[in-house]
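Enquirer: Next come the chains, spelled out residue by residue.
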Amino acid sequence: MSKFNSMLESKVMPIAGKMAGQRHLQALRDGIVLTMPLIIIGSVFLILSNLPIPGYNDFMAGIFGKEWATKMAYPVGATFDIMALLACFGIAYRLAEKYGVDALSAGAISLAAFLLATPYKVSFLPSGAKEAILVDGGIPTALMGSKGLFVAMIVAILSTEIYRWFIQKDIVIKMPDGVPPAVGKSFAALIPGFTVIAFIWILRLLVEQTHFGSLHNIVGELLGKPLGVLGGSLGGTLVAELVIMLMWSCGLHGANIVGGIMAPIWYGAMDENRIAFANHEALPNIFTQQFFDIWINIGGSGATLALVVAMILKARSQQMKQLGKLGIGPALFNINEPIIFGLPMVMNPMMLIPFIITPLVTVVATYIAMSTGLVAKPAGIAVPWTMPPIISGYLATGGKLSGAVMQAINIGISVCIYYPFFRMWDKQKFAEENGTQPTVEEVPSDTQKDIV
Amino acid sequence: MNILLCCAAGMSTSLLVTKMEKSAQEQSTEYKIWAVPGDSVRNHIDQADVLLLGPQVRYLLPQFKKLGEEKGVPVDVINPVHYGTCNGEQVLKFAVQLVSK
Numbered sequence: 001m002s003k004f005n006s007m008l009e010s011k012v013m014p015i016a017g018k019m020a021g022q023r024h025l026q027a028l029r030d031g032i033v034l035t036m037p038l039i040i041i042g043s044v045f046l047i048l049s050n051l052p053i054p055g056y057n058d059f060m061a062g063i064f065g066k067e068w069a070t071k072m073a074y075p076v077g078a079t080f081d082i083m084a085l086l087a088c089f090g091i092a093y094r095l096a097e098k099y100g101v102d103a104l105s106a107g108a109i110s111l112a113a114f115l116l117a118t119p120y121k122v123s124f125l126p127s128g129a130k131e132a133i134l135v136d137g138g139i140p141t142a143l144m145g146s147k148g149l150f151v152a153m154i155v156a157i158l159s160t161e162i163y164r165w166f167i168q169k170d171i172v173i174k175m176p177d178g179v180p181p182a183v184g185k186s187f188a189a190l191i192p193g194f195t196v197i198a199f200i201w202i203l204r205l206l207v208e209q210t211h212f213g214s215l216h217n218i219v220g221e222l223l224g225k226p227l228g229v230l231g232g233s234l235g236g237t238l239v240a241e242l243v244i245m246l247m248w249s250c251g252l253h254g255a256n257i258v259g260g261i262m263a264p265i266w267y268g269a270m271d272e273n274r275i276a277f278a279n280h281e282a283l284p285n286i287f288t289q290q291f292f293d294i295w296i297n298i299g300g301s302g303a304t305l306a307l308v309v310a311m312i313l314k315a316r317s318q319q320m321k322q323l324g325k326l327g328i329g330p331a332l333f334n335i336n337e338p339i340i341f342g343l344p345m346v347m348n349p350m351m352l353i354p355f356i357i358t359p360l361v362t363v364v365a366t367y368i369a370m371s372t373g374l375v376a377k378p379a380g381i382a383v384p385w386t387m388p389p390i391i392s393g394y395l396a397t398g399g400k401l402s403g404a405v406m407q408a409i410n411i412g413i414s415v416c417i418y419y420p421f422f423r424m425w426d427k428q429k430f431a432e433e434n435g436t437q438p439t440v441e442e443v444p445s446d447t448q449k450d451i452v
Numbered sequence: 453m454n455i456l457l458c459c460a461a462g463m464s465t466s467l468l469v470t471k472m473e474k475s476a477q478e479q480s481t482e483y484k485i486w487a488v489p490g491d492s493v494r495n496h497i498d499q500a501d502v503l504l505l506g507p508q509v510r511y512l513l514p515q516f517k518k519l520g521e522e523k524g525v526p527v528d529v530i531n532p533v534h535y536g537t538c539n540g541e542q543v544l545k546f547a548v549q550l551v552s553k
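Top to bottom, those sequences are chains F and E. Reminder that position 411 of the first sequence reads as 411 in the numbering used here, one-by-one numbering, no gaps. Remember, the numbering used here sits 452 above the position in the second sequence when you count from 1.
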């Protein structure tokens with residue numbers, strides 16, 4: 001194994017293993033994933049209410065009345081605006097599952113705890129009034145959405161930790177035999193649930209004495225702002241992308257692992273853009289979840305679509321031709337495991353160079369294009385990451401051609417970086433196949449052990 | 453025999469499922485092969501005779517090995533080369549081997 005490989009193996013693997021095995025990070029990622037299907041559904045309505053077709057607005061207004069856009073926004077609100085609520089339940093559920101305690105109860109308790117942490121005050125603008133007044137007795141949808149995401153995460157983890165502590169210490173009300181298990185379970189949740197609610201309640205009472213006023217304000221100030229700066233800056237993003245690619249270089253699903261930390265930031269940024277987009281204001285963020293899904297990971301992590309196309313058009317060796325044919329279908333839908341493990345990219349010093357460099361270059365290029373206004377920013381529309389490129393760039397910007405053009409440019413950049421390395425690799429394979437060179441073992445021997 | 457595969461989103465493993473089913477058709481044994489995302493393995497493992505992980509989620513192995521021991525289901529990581537080349541035949545062989553061990 002070369003020096004580079006052993007460096008990767010010894011430095012990245014332990015970090016990746018630790019991060020991936022950390023159950024709170026896992027729970028965060030898996031819990032937030034629960035919101036994704038709904039967000040994508042909401043995005044469909046968001047696109048439909050903002051189709052950039054001349055005359056579309058008048059056409060729709062003619063059929064459904066002047067208020068049609070407002071009505072179209074109902075499902076958008078019902079999906080995006082409960083992001084934190086769902087994430088809170090999902091995170092608690094997944095974490096409890098990992099501890100092997102009743103996940104449904106843990107989810108329910110943390111949901112109540114999250115609502116308890118939230119002041120039921122909604123700002124309301126009466127018709128004719130100039131300033132909004134605070135009204136009691138409503139659940140503020142703003143705090144149930146991405147703005148409440150961090151509080152939801154903290155409350156979910158905190159309450160589930162308390163819950164499982166009681167269950168694991170067996171401090172629960174036990175029902176005699178013969179009582180149905182479902183009834184028994186609800187009684188078992190009583191003591192831990194009461195403790196969680198009491199704890200959050202006291203916390204809220206204490207916070208209300210300070211100038212912050214609510215837990216949401218504290219978390220926003222102390223956690224949300226610094227993390228937002230990290231996730232929203234070019235430097236922070238490049239570091240995150242580099243870590244993702246280093247993990248993939250060892251054959252680990254980097255995006256999935258790093259997602260535990262970055263997802264709340266990038267989803268939060270996405271939702272800010274969504275709100276601005278719906279109100280026809282300037283979009284505040286460039287780095288959202290979609291920035292990576294749509295413009296960077298074209299063909300999968302490492303932007304390997306370009307490589308697969310090169311294989312199909314230019315490969316001389318049989319192996320590369322075959323792999324190109326096998327890989328092009330999935331690559332169009334941004335799935336590239338056949339390439340990563342089949343070429344292989346994993347632990348392959350030659351191919352790892354473009355694999356790591358390409359996404360970093362496209363991050364910078366896309367950032368420059370978007371920050372200078374040449375290319376439209378992601379509009380907070382969650383296009384599924386499996387959507388083929390060009391279409392996805394058009395949709396994710398809310399129907400701006402520049403979004404699709406940027407994808408084409410990024411594919412072009414990827415081709416330029418990958419091509420020389422691909423040529424070298426292909427040449428070597430071609431020589432091996434024609435017996436002009438002794439076969440080089442292309443797979444680290446320790447991964448081959450487990451077949452035989 | 454029931455073979456459960458898992459990866460991050462259950463996408464790339466589902467490619468492999470098709471190839472494995474093709475290879476299974478040539479044999480007379482009844483196979484049920486399906487792929488799920490890592491976070492829903494718990495809901496599927498009871499129906500499985502063997503659980504195979506994609507190499508990109510091999511960090512899940514310790515966790516699922518423990519689960520597999522509880523349920524009496526052998527768990528292992530698919531060989532990366534077979535995975536990358538979608539070699540259904542070899543992966544099927546590997547699964548059968550694990551079960552018969």
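Calculated from the structure, these hints are not laboratory results. Each residue gets a CB set at the ideal place from its N, CA and C atoms; glycine is no exception. Please note that the accuracy of each hint is not assured.
[Claimed, not checked] Covered, in the sense of this in silico footprint (three residues per stretch, anywhere, with C-beta under 8 Å from a C-beta of chain F), are these stretches of chain E:
hint, stretch
1, 463-474
2, 508-517
3, 534-540
Enquirer: Which earlier hints turn out false for this structure, listed by number in ascending order?
Expert: none
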